[in-house]
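Chains as they are written, first to last, in my numbering: chain A, 208 to 328; chain B, 578 to 733; chain C, 2 to 708.
It is worth saying that the hints were derived from the structure and are not from the lab.
It is possible that part of the hints are untrue.
Simulated DEER-style distance windows between Cβ atoms [what the hints assert, rightly or not]:
id, chain 1, residue 1, chain 2, residue 2, range
1, B, D603, C, G625, 30 to 40 Å
2, C, E326, B, E720, 51 to 61 Å
3, C, E330, A, S302, 47 to 57 Å
4, C, D531, B, D603, 41 to 51 Å
5, B, G627, C, T83, 52 to 62 Å
6, B, P621, C, D667, 21 to 31 Å
7, C, Q31, A, S302, 32 to 42 Å
8, C, E504, B, E662, 34 to 44 Å
9, C, Q31, B, G627, 50 to 60 Å
10, B, A661, C, F604, 47 to 57 Å
In silico SDA-like pairs for lysine to any residue, Cα to Cα no more than 25 Å straight-line [stated by the list, open to error]:
id, chain 1, residue 1, chain 2, residue 2
11, C, K77, A, E269
12, C, K60, A, P315
13, A, K311, C, I101
14, A, K314, C, E197
15, C, K60, C, Q121
16, B, K629, C, T681
17, A, K276, C, I101
18, C, K204, C, K215
19, A, K314, C, D59
20, A, K314, C, R12
21, A, K311, C, A63
22, A, K276, C, E197
23, A, K311, C, R76
24, C, K215, A, L318
25, C, K663, B, A661
26, C, K60, A, V296
27, C, K663, B, G592
28, C, K204, A, P315
29, A, K311, C, Q13
30, C, K659, B, G627
31, A, K314, C, E102
32, A, K311, C, D6
33, B, K629, C, G575
34, A, K311, C, E102
35, C, K177, A, E269
36, A, K276, C, M229
37, A, K251, C, R322
Note that CB positions come from ideal geometry on N, CA and C, so glycine has one too.
Each chain, written out:
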Amino acid sequence: MATVLTVDDSPSIRQMIKVVLEPAGHSVLEAGDGAQGLAQCQAKRPDLVITDLNMPTMNGLELIRALRKLPALTGMPIVFLTTESNDAVKQEAKSAGATGWITKPFKPEQLLAVVAKLVRS
Amino acid sequence: MSAPEVQEAAVNQDGSIQVVMIGVGDEKFALDAGMVREIIDPIPATRVAGAKAFVPCVINVRGNVIPLADLRIRFGMPMTEDTAETRIVVIELAIDNEPVLVGLTADKVYEVTEISRTNVQQTPRVGMHWKPEFIRFITKWREEFVIVPNMERILN
Amino acid sequence: MSALDPTEVFRQEASELFETLEGALLDLCQRPDDRELVDSAFRALHTIKGSGAMFGFDKVAAFTHEFETAFELVRKGEIKPTQELIAVALAAKDYIRALIEAPETTDAIIGEAILDDLKQLVAPTAPRSEVATPATAEVAAAGEKRSAGWRLHLEFDSHILCNGSNPLDLLEDLCKLGPCFVVPVTDDVPLLDELEPEYCYLKWDVTLHADCEKSAIDDVFMFVADEMKLTLTPLTQAELPAQQPAPEPVPQTAMQPASADATPAPTVAEPMPEAEPTVEPAAVPKAEPVAKEAAPQPAARAETRRDEVKRSEERGIATVRVQAERLDELMDRVGELVIAQARLSQLAAAGSDLSIKMIAEEIERLAASLRDTTMGARMVPIGSLFGRFRRLVHDLSRDLKKPVEFVTSGEDTELDKTMIECLADPLVHLIRNAIDHGIEDTAARAVAGKTEQGRIELHAVHSGAQVLVTVRDNGGGLNTARIRAKAEEQGLIAPGAALSDHEIHQFLFHPGFSTAQTVSALSGRGVGMDVVKRTIENMRGSIDLSTKPGQGTSVTLRLPLTLAIIEGLLIRVGEGRYIIPLSAVEECVELMAEDQRSRGRNFLNVRGNLVPFLRLREILPAEGEPELHQKTIIISTGETRVGLVADQIIGNHQTVIKSLSKLHSDVTIFSGATILGDGTAALILDVAQLVSLAQAQSEKQQMNEAA
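Excised from the complex, chain A in its bound form (with noise of 0.2 Å):
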């Protein structure tokens, strides 16, 4: 199954996403800020991103735009995290380089199909 990497400075966030997709057979990566995650994504090449926006050191746009200034991750899918129901922050993510989004809160199911829907095996 895929490797997940999940981007955020909350733990309870990644805790949930850890419980979430491990058991579906998924292994998940974990990194606090954008510039551990850029880190974890160099060494570790996941199949999919799980990046929150707002964090310390490097936020999440600032991590997309990162990852897709290096060849080697090109097409690697990046999802972010949202609370924001409006669409500027969705715009400015996705043209930062994002591939889709979760809306928090969000349930399992949801983390689930969206990881489907980005990772084939």
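For this one, chain A is given, so just place chains B and C on it according to the hints.
Below, chains B and C alone, put in the same frame as chain A:
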């Protein structure tokens, strides 16, 4: 280790109590078996300066440093040398609602037995020179009077 | 694998976030223009909101959202964070915290009141317009009614592959809705030398034979709606035969293998796996491999990046959350190991087996480093504690109308986590005292020619094996005369007794001693200086108090680094062996004959300084004759030095501290016990007690001499 209430743990349905019978000086004490944790051979004890006279030492029992109490001192009995029959009885009692382990020096440990509450003797014997609050009750065992002590009171 | 409950993780995380939030808000009081602080406050709020909603704290999410909205102008920099605004924000923080910690007993009215306050402060705000322009694709005919199916035209932006979306996956999803007839449109595919391998040039025409909702199709393209043109036309029954004359109109026949012909011939794709192979030949051939493999890009750039990555990766795996009890258990096990190792070393030393000796040494080394590692793992920066006091100072300063600047330093100083917990209450008390009694009111400060704003410093620093935590105020200093009067009134000293200022100040630590003329609501917590002192001494620490009239008071707590295992000096007095905490030991000297002789005058000449000393044989049970060459161990607490005379110094000892039983709670000169290599118990001398004992003794002698 199933003694939720130390003092009352070993009371059977018919009112009999399981006790550990020990000898201290020329008295016999029946310690509620529920409070007895273990019985060990004498080990080197460490004197504690400034401690109450009847808890003069500490000993190491399985990695715990616990006080060693001497009831002979508490009751003004003459001190004797340790003999081959001397034992340390480790009991657990509650002090300020916290479980505390204490070692008691016993000149002899007789046996684990049952005593009956029906043989309870109401009045302290003549010549009992210690406070009634130290005694839970007095009963008969093999035609002898034995004291069931209130260890919390005695040690506190 | 640990399956931590995410909700529990959230609670823990939330409490950390509240500290961050509070810290940022309090800092904003001082530096209202600091954008970083505003951002950090918002980030914390945002996480609380987002995670709160995830874990079912709906009220938290709703309130935080309102709060965030109202605060938006601050974030935009349009409104300055005034003191009032920050006070409301702090109240809001407390409210959110209550919503998480005690949701049942938290009244929504409080929240409403806070929001009202907030709205007034940020005043005429333009109503936030939530014009959520729905993310819709270009829909030609928006016929929502069900039909026999849909005709779709798909054009993706060329960069869509780079951004992680795969049109083939999307087509596959589409096929899941019903039988699809997929025709790639290759018109825009450039010649090979112009072709960008990572771009998507293909378009698709799809006929979907399923009477699904339009929304189901929108769902498929949800993420890429902005990066594509989707033309959607309902397929009517009537249209079917007419528009679909081509190969086979019936889905079943679509099972036939696609023609090997690579030309864009119309092919019918079955829902699942067939979809890919049939479309594949027409897809840009290179797109896949390139996307998955590293393109040979400038090596230098990759190199430097890798370095950065390495560094940040090191940070990435730097922390693990461990339950506190597990650390306690670990420390207990290490303690047992150290005791067992001491026994082994003693046995090995007594024997003659060289290889056992070597193993014993090896284990000794390992046990020592395991101990250090374990103790290190329990170390927490004291800053985590300091944060809490800023709120305290802020509130006190407001309530007492004494403007106070609160300065902290040494937040990185690490202490055992149990000590940090134990320190909270004493420090609260000391800080409260400093503001309540230390700092003068504004008028008095003006008279004294001082700045209007008082200053409280909280400072931590390592000093050898100790940590010093100092609370200092620049207030009026202790009123020695008043303390003295109070002590006389309480009958603690005879009127007119000759006492040094230092001695008089010690009465502050006396139980029930308070010079505060009015007991304010703030100091009515029932914790007096005596409790502070006891708490600190229970931690094997000590308190120094120094004051300068008109300039302020400083209280210094001296604390050991850890509560569990210490380095000790093992000594012998008579037959007994005792431990002196090595951190208190300054030096060891031989007791000289002249010192010996000066009976009654227990002073030791240490390089010209007279140091009072105690003969341990006189206070500890000791049979037999004293050693001819007695040793003196000079110990110190703070400024005071005292000599302890023992029969022998045996050596250093790793001391696993065991507390004394309640039955020995009346014992003062020992702070605990430990277990020696031979299995016997040894007592640990209480340095602070011995020092005051020695001082009392020498004072008595001086008085006797004077008499």
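Which earlier hints can't be squared with this structure?
Hint check: 8, 14, 17, 25, 27, 28 and 35 fail, others pass.
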